[in-house]
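*Asks:* Now for the letters of each chain:
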Amino acid sequence: MVSSFKKALESGKFVVTSEVAPPKGTNLEKMVHHIELLKDKVDAINITDHQSSVMRFPSLGGALLIKEMGGEPILQMTCRDRNRLALQADLLFASSRGIHNVLCLTGDSVLLGDHKEAKSVFDLDSSQLLAAIRRLERGKDLAGNDLDGGISFCAGAIVTPEANPLEPQLIKFEKKIEAGTEFIQTQAVYDLDRFKQFMDYARQFPAKILAGIILLTSAPMARFMNKNVAGVNVPQEPIDEMASAPKGRAIEKGIEIAGRMIMRIQEERMCDGVHIMAIGREELVPDIMAAARLV
Amino acid sequence: MIRSITQQKSEEEILRLLEGLGRVFIIGCGTCVTLTHTGGEPEVEAMKERLSDKGKLITGGVVLPVACDNLTGDALSKYGQQIAQADVLFIMTCAFGVQTVARQLKKLVVPALDTLFIGKETALGQFDEICLQCGACILGETGGICPVTSCHKGLVNGPCGGTNNGKCEIDSAKDCAWTLIYNRLKDLGTLDAMRRFQQPRNHQGEPKPGKLVISAS
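Listed in order, the protein sequences are those of chains A and B. Take 1 as the starting number for the first sequence in the numbering used here and just add one per residue. Take 1 as the starting number for the second sequence in the numbering used here and just add one per residue.
Among the hints, a few may not be true.
What the hints assert, rightly or not - Cβ-Cβ distance ranges computed for the label pairs, FRET-style: (1) B/135 - A/115: 25 to 35 Å; (2) A/218 - B/207: 51 to 61 Å; (3) A/24 - B/209: 43 to 53 Å; (4) B/174 - A/24: 25 to 35 Å; (5) B/108 - A/23: 45 to 55 Å; (6) B/122 - A/148: 50 to 60 Å.
Said to hold, decoys possible - Partial pick of chain B residues on the chain A-facing surface, computed with a CB cut under 8 Å: (7) 23; (8) 79; (9) 116; (10) 117; (11) 118; (12) 131; (13) 165; (14) 190.
These are computed hints drawn from the structure, not numbers from a lab. This structure is a prediction, so every number in the text was calculated from the model and none was measured. Ideal Cβ positions, reconstructed from N, Cα and C, are used throughout, including at glycine.
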């Protein structure tokens, strides 16, 4: 079973993914609205897994919903909350229900979320989860037992091109490639000249690379990310540009900047596509795509 | 030297644990908790005062040389009467000391401290966790720095995305273990060790509760 996302990656087209976040509770209205907005515009929709370690409706449930609504889900799976039994079981379930894309993540610490006293698991790490998927695809579980009925996934991972120090991050990145990752969605990039340097290195590997684009919503938001989000560096220029926007028009400026960046990435064929994140403002993703002349 | 690193419980919890227990005998220890200022001579004296202020009757107190020693029962025997008068033994040692006393005396015990980790003093007044006793040592492949202990997530294949300027995502005062390991292996010219894929760990190196019996040959 080859997923439509995998076909898009292999087609050589400029691939666009975005993401939606499940709600805290069972009111799925907003998530359904976001899926509705995105499902026919992007090649696949990531569904986050207890984003920032905040307990929410499960990513597996969100992925099923995307599938049922006719979209193409990328199931995000972190290693924070499930041991190897639970991770493998969820992969079996996902595959059986037609979910064939998965993004493997280590996961944030529970200390960053809203259940700070929870036990964190990390039985596997992201590269081991990738390897586990490839092993399940060969018909064996992690204990070496045969599976009755197989699975198939287009499996991906993330990288932080602006991590400091970078070298340990790249060693991990290469392990993810060796473990069988087919695509990479990067942490947000803003300095495209530096991203090009990263791509000069990354292009040697077989994985398709989608540059992470996070919508800037205000100058303070950009400064906040610089201060608090590991591996995100918004240069002064876009911060000044955001600050120069007329009152109440910062979002429009953010959309313009994101659109401009995506256009440049595409025009210069820097990488294989983009992953657009409009955290909390998913309804703006179509506007960003329009600004990038993708729709 | 390996040390048991402790921290005093909150006053609220202490008073809750001692609720209804009016007569208290206090036990400190001369080793680890003296080093961390959580159960040495000055702390035991201060606790006597604090609990007296809260209306407790202190029947006595002692700072044992080594509370986790097998001879702790003997050492406490000369305080027999004061201990007999007490409703509870309030113990300002690590959990090893508390359990040693509990095993040797038929008496209700209440810990005054939480045992945080097994580690060592790495600088004056600074204590770092060194070993989790996982039962599956990988120090030979990590330049002698333990990621199972020193990485918040216990990752064995390199850093997570939260690593930030050599520090951990949970606390900028904590080093990123994988930055330390990378630097060490680079210095040693053995970075290939870090490139090697580590299989999922055996988390049952010694299934809990640990027990080892050396058979006489």
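*Asks:* Hints first: check each against the structure and report whether it holds.
*Replies:* Comparing the hints with the structure gives:
| no. | hint | verdict |
| --- | --- | --- |
| 1 | B/135 - A/115: 25 to 35 Å | holds (28 Å) |
| 2 | A/218 - B/207: 51 to 61 Å | holds (52 Å) |
| 3 | A/24 - B/209: 43 to 53 Å | violated (38 Å) |
| 4 | B/174 - A/24: 25 to 35 Å | holds (29 Å) |
| 5 | B/108 - A/23: 45 to 55 Å | holds (48 Å) |
| 6 | B/122 - A/148: 50 to 60 Å | holds (52 Å) |
| 7 | 23 | violated (34 Å) |
| 8 | 79 | violated (38 Å) |
| 9 | 116 | violated (15 Å) |
| 10 | 117 | violated (16 Å) |
| 11 | 118 | violated (19 Å) |
| 12 | 131 | violated (18 Å) |
| 13 | 165 | holds (5 Å) |
| 14 | 190 | violated (13 Å) |
In terms of the numbered hints stated before, the structure departs from hints 3, 7, 8, 9, 10, 11, 12, 14, listed from lowest to highest.
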